[in-house]
Amino acid sequence: MTALEFAVQDVAGARGACRAGADRVELCAALGATGGLTASIGMIEAVVATGVPVHALIRCRAGGFVYRDAEDVAVMNADARAAVSAGVAGLVVGALTPERRVDVDTLRRVLEGVPVEDIELTFHRAIDVISDRAAAVDTLVELGMTRVLTSGGAARCAEGIAELAAMVDHAAGRIQIMAGGGITLADLPALHRTGVDAVHLSARRIVADDGGPGGGGATGHEQLDEDVASSVATGLRQLDGMHRFCL
1 MTALEFAVQD VAGARGACRA GADRVELCAA LGATGGLTAS IGMIEAVVAT GVPVHALIRC
61 RAGGFVYRDA EDVAVMNADA RAAVSAGVAG LVVGALTPER RVDVDTLRRV LEGVPVEDIE
121 LTFHRAIDVI SDRAAAVDTL VELGMTRVLT SGGAARCAEG IAELAAMVDH AAGRIQIMAG
181 GGITLADLPA LHRTGVDAVH LSARRIVADD GGPGGGGATG HEQLDEDVAS SVATGLRQLD
241 GMHRFCL
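For the sequence shown, my numbering gives the first residue as 1, with consecutive numbering after it.
There may be inaccurate statements among the hints.
As the list claims (entries may be wrong) - Derived Cβ-Cβ restraints for the label pairs, each shown as a range:
| hint | residue 1 | residue 2 | range |
| --- | --- | --- | --- |
| 1 | Arg68 | Val11 | 33 to 39 angstroms |
| 2 | Val129 | His170 | 15 to 21 angstroms |
| 3 | Ala190 | Glu142 | 29 to 35 angstroms |
| 4 | Ala70 | Ala208 | 39 to 45 angstroms |
If you are wondering where the hints come from, they were derived from the structure by calculation, not from laboratory data. Glycine included, every Cβ here is placed at the ideal spot set by N, Cα and C.
Could you put together the complete structure from these sequences and hints?
Now the structure itself:
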């Protein structure tokens with residue numbers, strides 16, 4: 001069965017994802033503006049309380065994934081430990097060297113003191129700026145990662161189908177490959193044929209909400225579109241020939 005994960009930013013999104021048929025959610029903040037940052041501990045606790053399995057994104061700032069400042073790493077370590085203490089089922093992490101390889105040392109420092117044996121670990125789309133993704137997959141297997149989130153290095157998964165299939169073949173069951181990046185309902189059959197273990201998307205819409213000059217102006221805020229989420233869940237059920245149940 002192909003697992004279904006939605007990226008959500010609030011309690012309403014988590015509940016909507018569960019009703020739609022998600023297997024889990026990735027919880028983050030500022031998704032559209034930054035690609036995702038760590039949510040507040042209050043939000044993490046509130047979403048965990050909904051009962052849906054929560055995987056918390058650990059990312060302290062926008063921009064690239066090379067963390068030269070020890071303070072950034074310390075903040076992410078503190079966030080990781082706090083998120084696990086709050087009851088998350090998994091963490092979503094990533095770090096690169098200046099040469100765009102998996103930064104094993106930084107990842108170990110981010111996860112220092114975290115009971116990794118009790119949770120799942122996802123390496124996020126930092127892998128999509130790595131040239132040798134096969135070598136990166138091997139490194140992530142050695143690190144004990146559960147899965148990697150990737151578009152196959154493309155802007156959208158639909159453009160990275162061949163690479164996603166190659167990554168699935170290379171992983172050979174040693175680590176899960178989760179497709180994520182601009183996925184639409186129409187993309188599901190091709191993604192399913194690659195053999196990816198999971199599909200990840202935000203299915204978000206913009207809610208009009210004017211915050212004024214000090215609150216972002218008329219940009220509104222993002223929210224899970226439950227109709228889109230339900231359509232994706234139904235599409236996967238049909239492709240898998242199986243049913244999902246809300247936890």
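> For which of the previously enumerated hints does the structure constitute a violation, in increasing order of number?
Replying inline: Violated hints: none; all satisfied.
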